[in-house]
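Student: Residue numbers (our numbering), protein chains in the order written: chain A, 330 to 593; chain B, 330 to 593.
None of these hints come from the bench; they were simulated from the model.
Just so you know, these numbers come straight off a predicted model, no measurement behind them.
Some hints could be false.
[Claimed, not checked] Ranges between beta-carbon positions, derived for each pair: (1) B:P447 to A:V496: 17 to 25 Å; (2) B:A460 to A:A480: 48 to 56 Å; (3) A:A406 to B:E371: 25 to 33 Å; (4) B:D558 to A:G492: 52 to 60 Å; (5) A:A402 to B:G559: 43 to 51 Å; (6) A:G400 to B:A469: 56 to 64 Å; (7) B:A372 to A:P339: 29 to 37 Å; (8) A:A532 to B:E371: 55 to 63 Å; (9) B:A404 to A:G466: 42 to 50 Å.
[As the list claims (entries may be wrong)] Where chain A lies over chain B, by a calculated footprint (3+ residues, C-beta under 8 Å): (10) 379 to 386; (11) 565 to 577.
No residue lacks a Cβ here, since even glycine has one placed at the ideal position from N, Cα and C.
There are 2 protein chains.
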Amino acid sequence: MEAATPLHAPAPRVVGILGGMGPAAGADFVRLFVQACTARMEALGIPVRDQAYPEHWLAQVPIPDRTAALGDARAGAHQPGEPLLQAMGRIAALGARTVAIACNTAHAWHGLLQQRFPQIEVLHGMREVSAGLAARGVPAVGLLATRGAYAAGLYQRELALHGILCVLPTEAERDLLMRGIYDGVKAGDYALARRHFEAVARALRERHGVGALVMGCTEIPLALDAGPDGIELVNPSAVLAEALARHAYARDQPPQSAGLLTMR
Amino acid sequence: MEAATPLHAPAPRVVGILGGMGPAAGADFVRLFVQACTARMEALGIPVRDQAYPEHWLAQVPIPDRTAALGDARAGAHQPGEPLLQAMGRIAALGARTVAIACNTAHAWHGLLQQRFPQIEVLHGMREVSAGLAARGVPAVGLLATRGAYAAGLYQRELALHGILCVLPTEAERDLLMRGIYDGVKAGDYALARRHFEAVARALRERHGVGALVMGCTEIPLALDAGPDGIELVNPSAVLAEALARHAYARDQPPQSAGLLTMR
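Turn these sequences into a full structure, and let the hints guide you.
Tutor: Printed below as a string of structure tokens:
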């Protein structure tokens, strides 16, 4: 309730969230980010108040379906690259210095976005998740994802780089996941989604004995809040939101004008 | 999962959400807006998919405390008017045609924002809530709000215009509400917030016999999900999010270029 007083610490960085894929997942990402900022302030000893949060912008823009585009390499309006770049350009114009992509499958375009916006740090969800699992010594995980994410090898590559075994569902199980994501969460039928996700989670556990599952599509945690039979669920959105909060409050940040001239 | 195909219906309007007051409430407003859009599409017979949601931008910017400013009319950096106008200007530049303010107390600056941005429709939360209550024939409500919102008469004025009696807490109860909002929700202590909000809700019910309470601060519903003793809780964020979704899918919209020339 006190009036705003100038902060003695440097203001946190402006950050952006590239969402809309789908919009419910984007909204949930902001919730997780705000929670992560509160935790970060508590850890850093910064009094928690509205004005101490980083300025952040959420862009929820219509982006063509990522999995469909990965299955059809032709150029055209069904490709998400151009709309992703346009949204990123507008987030950059708002002053964001670090950006998180609130969609796993859209990380297939991470390299393009990072290359075209070298002045912005585009976080990489799979790298953050894999590094976190490796730091905890997790030897193997099961992966729940879209067909697009499996085909692009997004998680498989990063997990392998961190020495973590990644077990995958069968073709029939991938169909179940896609139905849970598209006919379930994206269409508003959360009960159907949950049933399909739980069936695949149980199958991976029984077949491979993995104790943890990565929910590698932002829609999955919206319908699956706990793992069946005590399986640990890893929510990459929470991991990425924590990484974004860490960057927002990073103390080693150069002055903004110098930062804009620094290439990675 | 189908590839994006051109929509035959006109694309929904681009809309903006002015948030950060506080950030958790802004995040929750986006969740409510996405839910309201899903319901709107179902009502209009539009197939629900990611690309059918309106483009929307959430600005979570640091805005000086609204209640503190309303208690200190001097010009200065503690006044929210200028930062609100700046954020609104950036939302306007992103192409938004309708904007919702995700903070009740900030509606004290609604007139300023609407006057400076005549090309944008700035929704008015209290008007939406009062019209909704009047349509349902509700005769009287209790009001839970900040000291700033009480002092500015934001709800009292609109409820009176709609012929609805508005009962207010005592000074001691207003202190409890402020502690619930600032030491509770804004500081991350939801249990404390809930205890204080429930105590005031019960007191208003016992003293005035009102059957419904308006949660006239966006932080209150974050800690109070059900009314004690069966009191109906009205969540203005949900009402405003529905109004924003209604405007986003409005069919009577003029072409965007003509719309920009139309003054209200």
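Student: Under the constraints set out in the numbered hints, which ones does this structure not fulfil?
Tutor: 1, 5, 7, 8, 9 and 11
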